[in-house]
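Peer 1: Residue-level listing of the chains:
Number of protein chains: 2
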Amino acid sequence: MANLIRQTTELALHIVRPYVTPDSTVIDATCGNGHDTLALAQMNPAKLYAFDIQEDAIRTTTALLEANGYSKSIAERRIILRCAAHEEMRKYVSSPVNAVLFNLGYLPGGDKEITTKAASTLIAVQAAMELLETDGVICITMYSGHDAGKEEKAALLNFAETLDAKLWHTAYISMPNQKHNPPEILFITRKA
Amino acid sequence: MANLIRQTTELALHIVRPYVTPDSTVIDATCGNGHDTLALAQMNPAKLYAFDIQEDAIRTTTALLEANGYSKSIAERRIILRCAAHEEMRKYVSSPVNAVLFNLGYLPGGDKEITTKAASTLIAVQAAMELLETDGVICITMYSGHDAGKEEKAALLNFAETLDAKLWHTAYISMPNQKHNPPEILFITRKA
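So the protein lines, in turn, are chains A and B.
Residue numbers for the first sequence follow numbering that gives the first Met the number 0, so the first one is 0 and each next one is one higher.
Residue numbers for the second sequence follow numbering that gives the first Met the number 0, so the first one is 0 and each next one is one higher.
Hints in this document: simulated from the structure, not taken from any laboratory.
Hints should not be assumed to be uniformly reliable.
Intra- or inter-copy, both count: the list cannot distinguish identical chains.
What the hints assert, rightly or not - For lysine to any residue, the following SDA-like pairs were computed, each having C-alpha atoms within a straight-line distance of at most 25 Å:
no. : residue 1 : residue 2
1   : K46       : P21
2   : K46       : D22
3   : K165      : T8
4   : K149      : L162
5   : K71       : S143
6   : K71       : E112
7   : K149      : E160
8   : K111      : R76
9   : K90       : E75
10  : K165      : H179
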């Protein structure tokens, strides 16, 4: 059997899944190698946006979606892929969204110098919050094994702590007995 | 739509559900008003044990199960309810188990002086760990709004931090922007 608790990416998707209905608009803010984009597509939302700042990531993700039968969805623009920084998502998405995934850090197998950074990630998360419907969710997988990731995680947790508890609820999944900076997850959901 | 992130009890059950198969043995270590026991019964495990130290809780849980069509499961001992302290579960369960739920604190609507306590809860969690199969999960919902609960949570988190990362994986769900001691969840899963 799969052990969900140990597979951070799968745990994140498992918690996001009940938020996605056939009417949903969802966003993969950092499509990377396309794993999360494909998982979101398989949840059958009405509209799926995928962003990445690297052309390579958009190409890989498009190929993965096509290989899994989503060419028609792309052609009919139910799935929209765009090479853009995640903090620019509000230029491309106007409708209220139900779920936004962030999988931070660098592109697996790509240039490790190109990584998400605290300042722009905070802007992107705030953009996602503005787009979010009531009872919508933002799911952020954070990697603190590199310096920029450590700083980014600290900035996100500080930000989460300051959010008005009347309007937002946050949940943070940490791994108390894992010593080597395991990936962790932060959820932000809109209460009103 | 339900907002899973905000409903701690439902979030705990949602994460436990994939661990329970028709072959599973599962335990509700603190059946209380029976909410979690019923939810576990609905996951259709081979065997479900439910413990509580208060006769009232066993009566309420039995009535809830019967009202939901589980009289036959109780008669055929696929569901076994027992008035016993959770730290004594090893007296009654011998087979390896796939999932153990703890919902700590006092019985809702009952005597608030009768609450789980750090020392006995730690013994109970260690008993559950000894019964746990590889890839099985222990899910502990913790309430730190009363003094005994605060102490119990601190003891559990300290304990979780010391667990050998080769044998155990732990995950802790906290709520960064909730100021009034919200319920939180600790998961312990066996790696080997």
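Peer 1: Taking the hints in turn, state whether each one holds.
Peer 2: For each hint, the structure was consulted:
When the C-alpha separation of K46 and P21 is checked against a cutoff of 25 Å, the pair qualifies only within one copy, where the shortest distance is 9 Å, while the shortest distance between copies is 36 Å. In this homomeric assembly, K46 and D22 come within 25 Å of each other (Cα to Cα) only inside a single copy, at 8 Å, whereas the closest approach across copies is 38 Å. For the homomeric pair K165 and T8, the shortest alpha-carbon distance between copies (20 Å) is at most 25 Å, but the shortest distance inside one copy (29 Å) is not. Taking the shortest Cα distances, K149 and L162 sit within 25 Å of each other both inside one copy (21 Å) and across copies (24 Å).
For the homomeric pair K71 and S143, neither the shortest alpha-carbon distance inside one copy (38 Å) nor that between copies (51 Å) is at most 25 Å. Taking the shortest Cα distances, K71 and E112 never come within 25 Å of each other, neither inside one copy (35 Å) nor across copies (62 Å). Taking the closest pair of Cα atoms, K149 and E160 come within 25 Å of each other both inside a single copy (17 Å) and across two copies (20 Å). With identical chains, the CA atoms of K111 and R76 are never at most 25 Å apart, being 31 Å at best within one copy and 57 Å at best between copies.
Taking identical chains as interchangeable, the C-alpha atoms of K90 and E75 lie at most 25 Å apart only when both belong to the same chain, with a minimum of 20 Å there against 61 Å between chains. Taking the closest pair of Cα atoms, K165 and H179 come within 25 Å of each other only across two copies (12 Å); inside a single copy the shortest separation is 35 Å, beyond that limit.
Hint compliance for this structure: hints 5, 6 and 8 are broken, all remaining hints hold.
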